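When the letters of the sequence shown are read in order and numbered with the working numbering, they come out as residues 368 to 844.
Quick caveat, the hints were computed from the structure, so don't treat them as lab data. One or more of the hints may lead you astray.
Derived pair list, reagent style DSS-like, types lysine-lysine, alpha-carbon separation capped at 27 angstroms [unchecked claim]:
1) K513 / K698
2) K616 / K406
3) K829 / K477
4) K616 / K481
Pairwise CB distance ranges (calculated) [claimed, not checked]:
5) S438 / W806: 43 to 53 angstroms
6) Q614 / L720: 35 to 45 angstroms
7) A740 / F675: 16 to 26 angstroms
None of the values given here were measured: they were computed from a predicted structure. Note that beta-carbon positions come from the ideal geometry of N, C-alpha and C, so glycine has one too.
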Amino acid sequence: MWYNYYVYGSGCLAAHFFAKDANDLHKENTSLLQGSIWKGMTAFALPILLGQIFQQLYNTADALIVGRYLSDAEYAAVTSTGSLVFLLVGFFGGISVGAGVVIARYFGAKDENKLRISVHTTVFFGIAAGLFLTVFGILFTPWMLKVMGTPQEIMPYSVLYFRFYFAGALGIVLYNLCMGILRAVGDSTHPLYYLIISSIVNIVLDLLFVGVLRWGVWSAALATAISQMISVLLCMYRLFHYQTSYQLKLRQLRADFPMLREVIHYGLPSGVQNSIIAFANVIVQTNINSFGQDTVAGSGTYAKLEGFAFLPITCFAMALTTFVSQNLGAKQHERAKKGTRFGILCCVVMAELIGVALLVLAEPLMGCFTDNAEAIKIGAQQARVEALFFCMLSFSHCIAAILRGAGKPMVPMFVMLGTWCAIRVAYISILVPIVKESWVIFSAYPVTWTLSSIIFLVYYLKSDWLHAFDRRKERQT
Numbered sequence: 368m369w370y371n372y373y374v375y376g377s378g379c380l381a382a383h384f385f386a387k388d389a390n391d392l393h394k395e396n397t398s399l400l401q402g403s404i405w406k407g408m409t410a411f412a413l414p415i416l417l418g419q420i421f422q423q424l425y426n427t428a429d430a431l432i433v434g435r436y437l438s439d440a441e442y443a444a445v446t447s448t449g450s451l452v453f454l455l456v457g458f459f460g461g462i463s464v465g466a467g468v469v470i471a472r473y474f475g476a477k478d479e480n481k482l483r484i485s486v487h488t489t490v491f492f493g494i495a496a497g498l499f500l501t502v503f504g505i506l507f508t509p510w511m512l513k514v515m516g517t518p519q520e521i522m523p524y525s526v527l528y529f530r531f532y533f534a535g536a537l538g539i540v541l542y543n544l545c546m547g548i549l550r551a552v553g554d555s556t557h558p559l560y561y562l563i564i565s566s567i568v569n570i571v572l573d574l575l576f577v578g579v580l581r582w583g584v585w586s587a588a589l590a591t592a593i594s595q596m597i598s599v600l601l602c603m604y605r606l607f608h609y610q611t612s613y614q615l616k617l618r619q620l621r622a623d624f625p626m627l628r629e630v631i632h633y634g635l636p637s638g639v640q641n642s643i644i645a646f647a648n649v650i651v652q653t654n655i656n657s658f659g660q661d662t663v664a665g666s667g668t669y670a671k672l673e674g675f676a677f678l679p680i681t682c683f684a685m686a687l688t689t690f691v692s693q694n695l696g697a698k699q700h701e702r703a704k705k706g707t708r709f710g711i712l713c714c715v716v717m718a719e720l721i722g723v724a725l726l727v728l729a730e731p732l733m734g735c736f737t738d739n740a741e742a743i744k745i746g747a748q749q750a751r752v753e754a755l756f757f758c759m760l761s762f763s764h765c766i767a768a769i770l771r772g773a774g775k776p777m778v779p780m781f782v783m784l785g786t787w788c789a790i791r792v793a794y795i796s797i798l799v800p801i802v803k804e805s806w807v808i809f810s811a812y813p814v815t816w817t818l819s820s821i822i823f824l825v826y827y828l829k830s831d832w833l834h835a836f837d838r839r840k841e842r843q844t
């Protein structure tokens, strides 16, 4: 009965959100191009932050509810999923970043024809990519988990969880792309509404499937897939039914190959970067797995907390990409430069304050997920090693976001592949066999964050990133 009331309430809530007038949306969209920089960027980033909090609830709810109702092995299977999921989804997420840069640039330049073509091409690509990822994930899950050295006691649960997770890959890919389209045109509010609805659905289904029906760890992934698809349907409804310059029309849904090349030009470096860094993190996870189930659970739980803690920074980074791309598209170079200074300062200060808070509260927060004392101890140790270096991670994310928004995606790709992939893997591969302690693995993160920040700082100060779009357009003509 309570579930029926919830569905009815969500439907009413959605109907209210959909009723927002297009003129109000236009006002939101122009806030990044005119007026106060800090007010516009903060107003744009805040709904993203709230949305990302609800998005983070997807896997966190899975872990929290599975940890309370199912076995330690099933809990470890859920908490160890992050790096492998990102390996497969991260590539298409990077492409969506490129699509967002292109869409935001045409929106800022008021080129409605190219804006419309870019949106339709992006959605068509998302459908094809989602179907491919579904088939690939279901078929190759056992092999990938075996390569990662997943402990035998959690292997059956991990296979089940991953296969059901990737059964909903179409929803995951389309969700990221559709939300990216709305944010690229300055609408960060409606993605928040849709995430609130789908996140509540996910939690309710987790409690029903796992807590009441006791269907097992696979049902947590099923709940995630269903809730992701709900958010996609809500987003697609808006894109298809509202009279905007970027409205979707079924008959125009095709791949425009010149536009697809442009999207891939800006998105492929981010996609390759995401996948290779994720592959490096799979290697890191393999080393973590070698320390046993408690270390897997402790590190995985810390990763959930870190994901929440770092959300304000990632959201400001998203806002920076859109802000820079829109303003450079509108030829407002000085405004773009001022906005980056505000975004960097805000992100770095927030990151360090959050890192201190996580360091202090790590153990009680870990205890919300699991009663395993050894896992809590390991997670708290990871917080002591990493949390105070969040300022470095924040700075790297900000500069990478700025450069992507400016049309220079190759720079963050090479910097991050060199530091977060090659150096991180080499560091772990050399030191872990010598020291044989899990904290050595954790220390690889602050070391590589610091290196990437130094490189990014030098590039940001020395390069002419403000005119990257102009130079590319001159070469094309």
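Each hint tested on the structure:
Pair hint K513 plus K698 does not hold up; C-alpha atoms about 51 angstroms apart against a cutoff of 27 angstroms. Restraint check for K616 and K406: not satisfied, since their Cα atoms lie roughly 34 angstroms apart, outside the 27 angstroms limit. Pair hint K829 plus K477 does not hold up; C-alpha atoms about 31 angstroms apart against a cutoff of 27 angstroms. The suggested pairing of K616 with K481 holds, with an alpha-carbon distance near 15 angstroms, which does not exceed 27 angstroms.
Checked against the hint of 43 to 53 angstroms, the C-beta distance between S438 and W806 comes to roughly 27 angstroms, which is inconsistent with it. Restraint check, Q614 to L720: a C-beta distance of roughly 41 angstroms satisfies the suggested window 35 to 45 angstroms. Between A740 and F675 the beta carbon distance is about 22 angstroms. The supplied range of 16 to 26 angstroms therefore holds.
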